[in-house]
Amino acid sequence: MIPQPVTDGGPTIISLGDVKFTYDGGVEALKGVTLNIKKGEYVAVVGGNGSGKTTLAKQMNGLLRPGGGTVTIGGRPAAPQTVAELSRVVGYVFQNPDHQLFSPSVEEEVLFGPENIGYSGPDSRNKAEHAMALMGIGHLRKEPPLSLNLGARRKVTIASVLAMSPQVLVLDEPTTGLDDQESRDLMAGIDGLNKQGLTVILITHEMKIVAEHANRVVVMAEGRIVLDSDVKGAFADIELLRQSKLVPPPITLLAHRLSAYGISRDVLSTDEFVFEASKMIGGSR
Amino acid sequence: MTGFIDLYTEADTFLHRMDPRVKILAVLLLSILAFLLSGLSSLLLLLTFIFLLLFLARATLGKTLFALKFVLRFMVLIVILWPIFDPSGTPVLATLGPVKMTEPAIWRGVTSAVRVGCLATVWYILMFSTSQRDLVRALVKMGLRFDFGLALAISLRFLPTFSLTIESIKDAQRARGLELDRGGLLRRSKNYVAVLAPTIVSALRTADTLSLALQSRAYGARADRTYLRDLRMRSSDYVSLAVVLLLVVVPAFAIFFMGVSL
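Line order of the protein sequences matches chains A and B.
Just add 561 to wherever you are in the first sequence, counting from 1, and you've got the working numbering.
Just add 1104 to wherever you are in the second sequence, counting from 1, and you've got the working numbering.
Hint data in this document are derived by calculation from the structure and do not stem from the laboratory.
Hints should not be assumed to be uniformly reliable.
[What the hints assert, rightly or not] Quick look at which bits of chain B chain A covers, simulated, 3 or more residues with Cβ under 8 angstroms:
no., region
1, 1207 to 1217
2, 1303 to 1315
[As the list claims (entries may be wrong)] Quick list of in silico lysine-lysine cross-link-like pairs, BS3-like style, CA-CA up to 25 angstroms:
no., chain 1, residue 1, chain 2, residue 2
3, B, LYS1294, A, LYS688
4, B, LYS1274, A, LYS581
5, A, LYS619, A, LYS599
6, A, LYS619, A, LYS769
7, A, LYS703, B, LYS1245
8, A, LYS619, A, LYS581
9, A, LYS600, A, LYS581
10, A, LYS581, A, LYS592
11, A, LYS619, A, LYS806
12, B, LYS1274, A, LYS619
13, A, LYS806, A, LYS592
14, A, LYS688, B, LYS1274
Note that CB positions come from ideal geometry on N, CA and C, so glycine has one too.
Can you build the whole structure from these sequences, using the hints too?
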């Protein structure tokens, strides 16, 4: 998929102003982060382990509260709202599906969220049906979620958050442990959600996923945002990525190496590379 | 978070160097001593001795206070409850309906509280100066079956990991709109199913992986395994043991054979 340009003009849905956070043990995980995310954006938050990306994401639904600075979600300050209230706007999918699945069937698992936040029975059912359809797991509705394979378990967790009809979906490392096929399958589903207008925030360190799916990259290092740009811009600055312990996808690195031969430096996917290469070969003829 | 589970504080003191078996024996002997002594002053002396050892074990103030918090609550409770349930002796200080408060009863309460304090804090000496690994090694050397020892070591090792897992599970369910502290008892216990079920599943998955990892490192291949670090008593260990033995035997002799009240 060719990434689309950053949507501009949409209303800001998440706004963090100089957010600071220190863990109980004294680890200063966020040292003043300012970030505005507009409705409909597809943002990848990347960075090495311990760079603060998960801490940042947990500020967005109140699982962690800032030690300094402000968090505004959907135009309202987050501070007075409970996690349950914030979860109507920001859905957060945890990395490990085993940390949230507990129901005897997929259906009941997906129903758990909407019932918690007080939707009526029929409403909850409709929302659960819709969410299962979006993730393509309708046929698994009677299966016990814990016996499914990892790819399907992850889809169940995403559906169970989607069923609360949030406006923002935060995904913490959704492709960890998945094989290539499962990963493509899952990301295609997430791309579809974004196309339908859902704001997606993807926490990951897989640069291939970032390059092929997101349209904006926020690079974190040592509790700060060191780069915030559209995807093309981010991969042009390979040196900065390296400093943040991130390596661009091999195809982008290859394009950089071949840039002397006329290949564009901002190639992000194999398809684009083939396009550039055929242009080059065509041109030299 | 780990402070709650593991009181052990890394340092190089004579208590840290002492053979863990000697420490276990010493702590047991001092516990017996706390039962033998019945006088408040001698028990206070024992408590002082225990705190001196804690100080020598370089127990940090923060951890000591944390550990003491639980004991102190218990001690206060004993001092309050003892006179209420023990109306014997004179003078009577106060009467409140059927409850009679007498001066000797209050002293007996204080004495018992100090004894309980001794019994609890004496174990801190062991916990503060002995790593879990050494503790398990000592128990195995003292005759505990190795697989039981290993199971114990693994459970201790995984407690902090586990409390992190439970926190993560709680967060994951809160993000799905679960409010754990809301509703009546029934609703709350039902809420906890959403935390308990993933916890148990995670525990089983971890146990399964761990057992494979142990097997792949030839766990249980031979009945008689060898140890890289074997425990061996040094002369200083014998001296320590002798000192503690004297500390207990002398008062015991005085109490039982000379009729001294200590």
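- Message: Given the hinted pair LYS806 (chain A) and LYS592 (chain A), is their Cα-Cα distance within 25 angstroms?
- Response: Judged against 25 angstroms, a Cα distance of about 19 angstroms means the pair holds.
- Query: Holds or violated: LYS619 (chain A) with LYS806 (chain A), Cα cutoff 25 angstroms?
  - Reply: Between LYS619 (chain A) and LYS806 (chain A) the Cα gap is close to 22 angstroms, so the pair holds against 25 angstroms.
- Message: LYS703 (chain A) and LYS1245 (chain B) were given as a pair; does the straight-line alpha-carbon distance stay at or below 25 angstroms?
- Response: Outside the cut-off at roughly 53 angstroms; violated.
- Message: Holds or violated: LYS1294 (chain B) and LYS688 (chain A), Cα atoms, limit 25 angstroms.
- Response: Given pair LYS1294 (chain B), LYS688 (chain A) holds - Cα atoms ~23 angstroms apart, limit 25 angstroms.
- Are three or more residues of the region 1303 to 1315 of chain B within 8 angstroms, CB to CB, of chain A? Check passed, 3 qualifying residues.
- Item | Claimed coverage, the region 1207 to 1217 of chain B by chain A - three or more beta carbons nearer than 8 angstroms | This one is violated; 0 residues, fewer than the three required, reach chain A with a Cβ under 8 angstroms.
- Item | Holds or violated: LYS688 (chain A) to LYS1274 (chain B), with C-alpha atoms at most 25 angstroms apart | Given that 25 angstroms is the threshold and the Cα spacing comes to 23 angstroms, the pair holds.
- Task: Given the hint that LYS1274 (chain B) pairs with LYS581 (chain A), test it: the Cα-Cα distance must not exceed 25 angstroms.
- Result: holds (23 angstroms)
- Taken at face value, is the distance from the CA of LYS619 (chain A) to the CA of LYS1274 (chain B) at most 25 angstroms? Since the Cα atoms of LYS1274 (chain B) and LYS619 (chain A) sit roughly 13 angstroms apart, the hinted pair holds (cutoff 25 angstroms).
- Query: Is LYS581 (chain A) within 25 angstroms of LYS592 (chain A), Cα to Cα?
  - Reply: holds (5 angstroms)
- Task: Measure nothing beyond the straight line between the CA atoms of LYS619 (chain A) and LYS769 (chain A); if it is 25 angstroms or shorter, mark the hint as holding.
- Result: This hinted pair holds, its Cα atoms lying about 24 angstroms apart.
- Restraint status (C-alpha distance of LYS619 (chain A) to LYS581 (chain A) at most 25 angstroms): holds (12 angstroms)
Taken one by one, the earlier hints fail for this structure at numbers 1 and 7, listed in ascending order.
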